[in-house]
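Residue numbers (my numbering), protein chains in the order written: chain A, 1 to 109; chain B, 1 to 109; chain C, 1 to 109; chain D, 1 to 430; chain E, 1 to 430; chain F, 1 to 430.
Treat the hints as calculated values from the structure; they're not laboratory data. The structure displayed is predicted, hence computed values, not measured ones. Ideal placement from N, C-alpha and C gives every residue a C-beta, glycine not left out. Just so you know, not all the hints are guaranteed correct.
[Stated by the list, open to error] List time: in silico DSSO-like cross-link candidates among lysine-lysine, alpha-carbon distance up to 30 angstroms:
no.	chain 1	residue 1	chain 2	residue 2
1	A	Lys85	E	Lys94
2	D	Lys94	E	Lys133
3	A	Lys85	A	Lys72
4	B	Lys40	C	Lys17
5	F	Lys94	D	Lys351
6	F	Lys351	E	Lys94
7	E	Lys133	A	Lys40
8	C	Lys17	A	Lys40
9	B	Lys85	A	Lys66
10	E	Lys402	F	Lys367
[As the list claims (entries may be wrong)] Beta-carbon label-pair distances, calculated as ranges:
no.	chain 1	residue 1	chain 2	residue 2	range
11	E	Glu316	C	Glu97	25 to 33 angstroms
12	D	Lys320	F	Tyr204	44 to 52 angstroms
13	E	Ile267	D	Arg206	33 to 41 angstroms
Given next are the chains, with one letter for each unit.
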Amino acid sequence: MKLILAIIRPEKLDDVKRALEDAGIYPMTVVDVRGRGEQKGITIMYRGRPITIDLIPKVELQIVVKDDDVDKVIKIITENARTGKPGDGRIFVLPIERSVRVRTGEVET
Amino acid sequence: MKLILAIIRPEKLDDVKRALEDAGIYPMTVVDVRGRGEQKGITIMYRGRPITIDLIPKVELQIVVKDDDVDKVIKIITENARTGKPGDGRIFVLPIERSVRVRTGEVET
Amino acid sequence: MKLILAIIRPEKLDDVKRALEDAGIYPMTVVDVRGRGEQKGITIMYRGRPITIDLIPKVELQIVVKDDDVDKVIKIITENARTGKPGDGRIFVLPIERSVRVRTGEVET
Amino acid sequence: MTAPTLSPGDTAWLLTASTLVMLMTVPGLAFFYAGLVRRKNVISTMMYSFLAYAIVSIIWILYAFSLAFSPYGPLHVFIGDLKFAAISPFVGVKPSTLWIGTTVPAFIYCGFQLTFAAITVAIISSAIVERTKLSAWVLFCILWLTFVYCPVAHWLWSDGWPVSVLPKIGLRPALDFAGGMVVHMSSGFSALVLAYVIGRRLGYGREPMPPHNITYVLLGMALLWFGWFGFNAGSAVAANGLAASAWLVTNTATAAAAITWCLLSWIKEGKASSLAFASGAVAGLVAITPASGFVDPLSAIVIGVVASIISYHMVEFRIKRGLDESLDAWAVHGMSGFWGSIATGLFANPKINPGNVGLIYGLIYGKPLIGALQLASQIVTSLAVLGYVVCVTFIIAKIIDKVVGWRVPAEMEYVGLDMSVHGEEGYIMR
Amino acid sequence: MTAPTLSPGDTAWLLTASTLVMLMTVPGLAFFYAGLVRRKNVISTMMYSFLAYAIVSIIWILYAFSLAFSPYGPLHVFIGDLKFAAISPFVGVKPSTLWIGTTVPAFIYCGFQLTFAAITVAIISSAIVERTKLSAWVLFCILWLTFVYCPVAHWLWSDGWPVSVLPKIGLRPALDFAGGMVVHMSSGFSALVLAYVIGRRLGYGREPMPPHNITYVLLGMALLWFGWFGFNAGSAVAANGLAASAWLVTNTATAAAAITWCLLSWIKEGKASSLAFASGAVAGLVAITPASGFVDPLSAIVIGVVASIISYHMVEFRIKRGLDESLDAWAVHGMSGFWGSIATGLFANPKINPGNVGLIYGLIYGKPLIGALQLASQIVTSLAVLGYVVCVTFIIAKIIDKVVGWRVPAEMEYVGLDMSVHGEEGYIMR
Amino acid sequence: MTAPTLSPGDTAWLLTASTLVMLMTVPGLAFFYAGLVRRKNVISTMMYSFLAYAIVSIIWILYAFSLAFSPYGPLHVFIGDLKFAAISPFVGVKPSTLWIGTTVPAFIYCGFQLTFAAITVAIISSAIVERTKLSAWVLFCILWLTFVYCPVAHWLWSDGWPVSVLPKIGLRPALDFAGGMVVHMSSGFSALVLAYVIGRRLGYGREPMPPHNITYVLLGMALLWFGWFGFNAGSAVAANGLAASAWLVTNTATAAAAITWCLLSWIKEGKASSLAFASGAVAGLVAITPASGFVDPLSAIVIGVVASIISYHMVEFRIKRGLDESLDAWAVHGMSGFWGSIATGLFANPKINPGNVGLIYGLIYGKPLIGALQLASQIVTSLAVLGYVVCVTFIIAKIIDKVVGWRVPAEMEYVGLDMSVHGEEGYIMR
Ligand SMILES: Nc1ncnc2c1ncn2[C@@H]1O[C@H](COP(=O)(O)OP(=O)(O)O)[C@@H](O)[C@H]1O
Ligand SMILES: Nc1ncnc2c1ncn2[C@@H]1O[C@H](COP(=O)(O)OP(=O)(O)O)[C@@H](O)[C@H]1O
Ligand SMILES: Nc1ncnc2c1ncn2[C@@H]1O[C@H](COP(=O)(O)OP(=O)(O)O)[C@@H](O)[C@H]1O
C-alpha cells in the first residue's frame, strides 16, 4: 500500500473528488495547508511595487491505496487539478508498512 | 522508528490521549482534518431525500515511536477510538529514516 | 527524494522560512498542528495549583528535497527554530518513492 | 373619558426601547447560544432564535397580543379575548387608556410587548439545541406562545388574577415590573421540562462538548446587557424617573452578579472564567428584571450577588443530576427569575416607586404588614406561574413528541444540524 | 412665518434613528456582505462599505445635502442648488421649515439623510466584490452620489417632479416613505449595471464560491433589521403615531418575508437555509420601506410574503442568466424595492396616514379613482427612477472603466484582495 | 429655587445615550482590542474591558460618582466629597440642579457618567494585554478610578479649578465637552505609563504579533463609532440643537480622520490598510470629543484630518522607541485627545455654542482676546491633566508592582492567558 500525498488548489478539490469517485476511489483524508512552490509564491505589482504573497492556501489529500491503484490515482489527480499555471501542486508517494482499520482492528496490506 | 498516522473521531481524542498517557506514550502531533472512508461519507434521509455529507471532521494523530512500541500504540488507539460504527478511522504505519530533536540537534534512531 | 516533516514553534516560522530561502530552498507546505513532546505539555503553577496545557499550537513543515539536501535543510531548521527550551520540536525524515508535478504531469526523482 | 395625549418624549423612548429589546433576540440570544454549542450546530442554534422571533412577530399581530392584553372577555381573570385580533379594528396610531402606556401610540405598545413575547420563546430553545427537529420547534413556538405566554402575560400585565383578584382577598397586587415571572420563570422552567422530555444529546457526559466560540457568547452577553436597558427601563412605558431608576439598578445588579459568579469560578475552580462572568451577568439581568421598577441601587447589588450564588449552585445541581438542560436556561433564567420575583417583595422601596413596599422597607418605614403581604403575593404568584408553566409545557411537549417527534435521527445529530437540516456550514475558514 | 419650535421628544427620536441607520452600514451591511464572500476577501468587502460611508459623510456636508434637499435653484424640479453647500451659511442648531423635520434641528435632519445616502451607495458594493480596484470604487462613490443619488432623493423627498409636477397633471404626488425608490431601487438596479460592466469573478460558475462565514451574514442581517427601525420609523421625522405604525409594519413585513423565503428553500431545495431566512428578511425590509408610513400590519404581511416570492425567483433568474451580480442586490433591493413602491399604491390605508389611499383601500372606502391615480403615480415614478438610474450608472461605470479600470489583475484576484490590496489577513486562527 | 422640571424628550435621549455609551465598552472596546491581539489572548483581552466596566459600575454607585460630581466638600476645587456616596440619601428619580442635566432624572445623569468612567478605565487595558495578572488589573481599576478619574472628571465637569478658578484669574473656563481630557488624555497617557512600568511582551520586536482577527477590530470600531453618538451628542444632556450639532460634527471628523489615516497607509506603505481606517476613525472620534459641542462641521473636517496625521506619526514614534504600548492608546487617545482639547480653543464657533469662542473665530468675529484666552485655558488645563495623570498613574502602577506584581510567569504568557488564566479557549473551530 502507498500513501499518496497530493497538494492541490482548494478550488479544484470538488473536481478531483468527483473524478476519484467516478473511478471508484472513495476514501481520503483532506488537510488544509498553506504552501509555496519553486516560484516563491505569487508576486504581484501593486502601485508600482512588487508584493510577494508567499504562503498560498492549498489542500493536501492523503489517500492510501493498493500499489496497483497508485498510477490511476495520480493520473486522475493530475488531470483534474491542473490549470496549467504555476501553483497547480505536487503529488508525493510514500510507502506504507501497515494499515489498520480501527472499527475492526483488522490489518490490511 | 515508525510514524503512526491515526485518523480517528474528534470526540475520541481525549480518551485516546489519556490511554496513551497511561501507557507512557506522551509525544504526539494532532492535525484537524476532514475525511471519508469507503462509505463515501454519511447518507441521511431528510424529508424523503437522501443527503450525503461527504467530508466529516476527523483528527489525525501523528506519533513517532520506536519500532517496539508500534503494536502497543496501535492496540491502544484501536481500543479507545472504537465505537463499532462506520467512520471509526484508520491507522497507517510509515517508515522513518531519521529523527532529529530541534532543541539539541541530536539524532535519534 | 525525502519528505522532511519538521514540527516547530509557530513564532519561528518566519525565521526558518527566511533562512531556507537564503539557502535556495523555496518549496514547502505548512500545516497548523497542535502537539506535545515528552514533557506532556506545559505545566504552570496558578494560584497554587498545577495546570497542564497539553496540546500547544505548532507548525509542521513538509518539505520534499533531493537526498543531498536533507542534511542542509535539517541544519537550517534546527538552527533557526531553536530557543533551547522544551518545545522546540522534532524533525522526521521519510522516504519518498515518487514525486509528480501536477502542472506538467512530469515525474521527478 | 378624554382621549390620552401622546407624549413625543415617551414615544421616542418606547420606539427606542422596543428596538433594543428586538436586538436581544436578533442577534443577542442567537449569538449567546450559538457560541455555546459545537461548531457543527452554530447555524441551527441561531435559527431557533430567529425563527422564534419571526413566528411570534406574525402571531402576535394576528391574535396573541389580543389574547394577552385585551382586558375583556369572559375569562378575563385568566386570559383576554380576540377583540383586538389582527389589530385591524383598533387603529393604533393613537394612545389608548386600555394599556399602561397611555402616552404612547398603541402600535408601539403592541410592538414593545411583541419583543418580550419573542425573546421569551427564544430563550426556551436553549434546552433543545443540537438534537431537535425544526418542525417540532416551529410547532412548539406557536403552541407555547398561545397557551403559556399569553395567559401568564395577561395575569401580570393586563387584568389577570394576580393583579385583580389578589387585592380582593386581602393580599397586594403581585408585582412583575419587566418580566421576572412572565418572561424568565416561564421560559426557564419550560426549558427544564423540554430538556426532560427530549432527552440528552448523543454522547452527553461521555464526550467533551466545549463551547465552540466563546467570543460569540461574550458578544451575545453584551448585546443582552445593552438591550436589557430597553427591556427594564422601557417597562416604565415612559421616559421618566422610574425609567432612569430602572436603568441604573439594571446595570448595578448585572455588574454585581457578573463579578460574583466570576469570583466563584476563580475561588472554586481556580480560573476566572469568562463564561462565569457572562452567566453571572445574565443571572443579574434576570433577577433585577421584576424588581427594576421598585428597588434602589444598593438593593440591586444584593439582588445581583444572591442571584449569581443561587444560579451557580443550580447549574452544579443540574449537572449532578445528569440532565442535559443544555445551556442552563432553567438555572439562570428560571431560578434567578424566581429569586428576583421574591426579592421584589423584599426590597421594594417606596422612595423609588411610591406605594410599593417590600418586607424590608416595610420594617424600616413602619409598614411591616404591607411589606409582608407584598411578599406573600410574590410567592403565591410565582408558585402559580411555576406550576402552570410546568404542566402546560409538559402537555405541549408530549403532544409534539407524539405528532412529529422531537429528535432528529442519530446520524443527523452526529453530522450536525447545520449540514443536515440547513445544508450550510457556519464558517469556511480554509 | 414664525420659526418652528424644537420638540425634544422628536429630536431624541431623530438622534436615535440616525444613529441606528448609521449602524446599518457600519458594520451591518459590511458584515452581511463580508460573510457572503470568500475568506480571502473579507476585509476588502467590508472596506467597500466603510469607505462608502466615510466618503459620503464628507461629501454630504460639502455639497450633496444641498443638491438633494435645497428646494431652490433653476432646476429645482430635477435637482437642488448649492445654497446650503458646506452647510456653513445655514446654522443648523435650530429647526427649519425647509425640510419635513420642522420640529428637529436642521443638523440632525441633515445627519439623518446622510446615513441614508451612505447606505445606498454601500449597497451597490455588493455587485463588485472580490474583483474590483479600490480606486475605481472610491471614484464611483463620489460620482454616483452626485449624479444619481442627489437627483433621485430630490425628486421624492424635496421638491422634485414626482411630488411637485405629477399633481399638476392630475396624478397624485408619488409616495416613498423611507426610500423604496430612492434607496433600494436605485442601488439595486445600479448594482445590476455594475455587475454587467465589470464582469464575472474568475472561476465563477466553475468553482464553488460558498459564503465563508454565515454567522457574519446573520449578524449583518440582524443589525440591518435593528437599524431599519430607525430607517423606517425615523422617516416620520417625529416620535408620533406614524413612527409607531412604521415600526410595527416594518417588523411584520420582515418576519413574514423571512419565513416565506425560508419555507421556499425548505420546500424547493429540501433545506431550511439560514441564508434564505436572511435574504427574506432583507427583501421584507426593503419592500415595506416605501410603504411603511402608509400601510397597516395585515397589509404588511402580504407585502412581505410577495416580496420574498418575487426576489426568490429573481435570484433564480439572475443565476440562470449567468450574471455574477454577486450578492444579489438587484434581486433583493432592486426588485423588492420596486414591488414595495407599487404596493404602496395598492395598500395605502387612510386610517394610518390620512389622505393617502391606495387602490385597494380606495375600492373599500369608495374612492377608487384616487387609489388608481396613486397607483399610477407609483408606477410612473418607479419606472422613471429605474430608467434614470440605469442610464446614468451605466455612463459612470463606463467612464470609470476607461479612466482607471475596474478590475484588479488576475493574480491579485486569485490571491484575494485582503492580501493584495490591503496587505491584511482577516483572521489568523492558527 | 424651584425644582427643575423633567423633560421626557431629554430623558429619552439620555436613557438612549447612556445605553449607547455602555455598548462602547461592552463589547465595542472589548472586540476592538481582542481582535488586535494574538488568538491565545482573545478572551483575556475582552475580560479586561468587561471587568473594568463591572467594577466601575459598582464603585461608581458606592462612592466614585459622589467624589467626582459632588460640588461640596473642603477640597471642592480639586475633588468632591462623599455626600452622595451609595447614592441612597439622594433619591434620583427627580432632576437636580446640582448637575448639568437639570431636565433629566439624577439617576440617569449618574448612569450616563458611569459609562464614561467605565470606558476610560477600559481603554487603559490596551497597554497591558497578553502579559498581565488579572488581580493587578482589578486593583488598578479601583485605584485609578478613585485617584485619577474622579479628580480629573471633577475638575472639568463639576466644580474643579479649570472651571471655577481659571475665570477668576482672568482666563476662560476650560472646555471639555465630552471628555477629550477627562477620558482620552487621561486614559491615553496612563496607558503609556503602564506600558513603561510593565515592560514588553516576550518576543516583542523579534517575533511577528499580527492581529488575529481584523474583523473584530472593525466590528469594535463600528460599535465605538455608533456608541460615540451617545457619548458626544449625549453630552448635551438634552435632545436639543447642541446635541444635533455634536452628532453631525462627530460623524464628520471621524469620516475625515478615517479617510486620512487610510490614505497615509496607502501612500506611505502602498496598502490601504483597514486597520489604518479603524485607527483613523478612533483618532477622529477622540479629537472631536472635547470640541463636539462647540465647533461647526467644516472645522470638524480639519480636526479629523489633523488628528490622524498626528496620531499616525505618534504610532511611528512609539514603535521606533521600542515601547510596547501594545494597542496604541497613547498615540491615538492620548495625543488626539490632546489635539482635540487644543483645537477646541482654536475652532469654537459662537454660532454653535453661544458665548464660546476659539482663537480662529475670535479673529473672524473681532474677539481675538477672548479666543486667545480660551486657547490658553485649554493649554494650561491639558498640561495640568497630563502632568497629574502621569504622576499619579506612575505611583499607582509602582505600588501594584510591589504588592501583587504585574506580570504573569513566562510560561503562562507563552501559552496565552486564555488557557492559563481563564481556562478557556476562544474559538474551537475544528
Ligand atoms: N518540494 C516541495 N515540498 C513540499 N511541498 C511542496 C513542494 N513543492 C510544492 N509543494 C506544495 O505544492 C504547492 C504547489 O506547488 P508549485 O510548485 O507552486 O506547483 P508547480 O510549480 O508544480 O506549479 C505548494 O504551494 C506547496 O504547498
Ligand atoms: N484509504 C484511506 N486513505 C486516507 N484516509 C482514509 C482512508 N480510509 C479511511 N481514511 C480516513 O479515515 C476516516 C474514517 O474512515 P472510515 O473508512 O469511515 O472508517 P471505517 O470504514 O474503518 O469505519 C475517513 O474519514 C478518512 O479520513
Ligand atoms: N514522538 C513524536 N511524535 C510526533 N510528534 C512529536 C513527537 N515528539 C515531538 N513531537 C512534536 O514536536 C513538538 C515539540 O516537541 P517537544 O518534545 O516538546 O520538543 P523537545 O522535547 O525536543 O523540546 C510537540 O509539540 C509535537 O507536536
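Verification of the supplied hints:
1. For a cut-off of 30 angstroms, the pair hint linking Lys85 of chain A to Lys94 of chain E is broken: about 64 angstroms separates their Cα positions.
2. The straight-line distance between the Cα atoms of Lys94 of chain D and Lys133 of chain E is roughly 51 angstroms, outside the 30 angstroms bound, and the hint therefore fails.
3. Simply put, Lys85 of chain A and Lys72 of chain A have alpha-carbon atoms about 23 angstroms apart, close enough for the 30 angstroms limit, and the pair holds.
4. Of the supplied pair hints, the one linking Lys40 of chain B and Lys17 of chain C is violated, its CA atoms being roughly 38 angstroms apart against a limit of 30 angstroms.
5. Proximity of Lys94 of chain F to Lys351 of chain D is assessed by CA-CA distance (about 11 angstroms); at most 30 angstroms being required, the pair is judged to hold.
6. For a cut-off of 30 angstroms, the pair hint linking Lys351 of chain F to Lys94 of chain E stands: about 11 angstroms separates their Cα positions.
7. Between the alpha carbons of Lys133 of chain E and Lys40 of chain A the distance comes to roughly 25 angstroms, so the proposed pair stays at or under 30 angstroms and holds.
8. Under the criterion of a C-alpha separation no larger than 30 angstroms, the hint pairing Lys17 of chain C with Lys40 of chain A is consistent with the structure, at around 11 angstroms.
9. Only pairs whose Cα atoms come within 30 angstroms are accepted, and Lys85 of chain B paired with Lys66 of chain A is accepted, the gap being roughly 24 angstroms.
10. The hinted pair formed by Lys402 of chain E and Lys367 of chain F fails the criterion: a straight-line CA distance of about 52 angstroms is larger than 30 angstroms.
11. The hint said 25 to 33 angstroms for the Cβ distance between Glu316 of chain E and Glu97 of chain C, and at roughly 50 angstroms that hint is violated.
12. Between Lys320 of chain D and Tyr204 of chain F the beta carbons are some 46 angstroms apart, a value that agrees with the proposed interval 44 to 52 angstroms.
13. Against the hinted window of 33 to 41 angstroms, the Cβ-Cβ separation of Ile267 of chain E and Arg206 of chain D comes to about 38 angstroms, which satisfies the hint.
The structure does not agree with the numbered hints 1, 2, 4, 10 and 11 stated previously, though it agrees with the rest.
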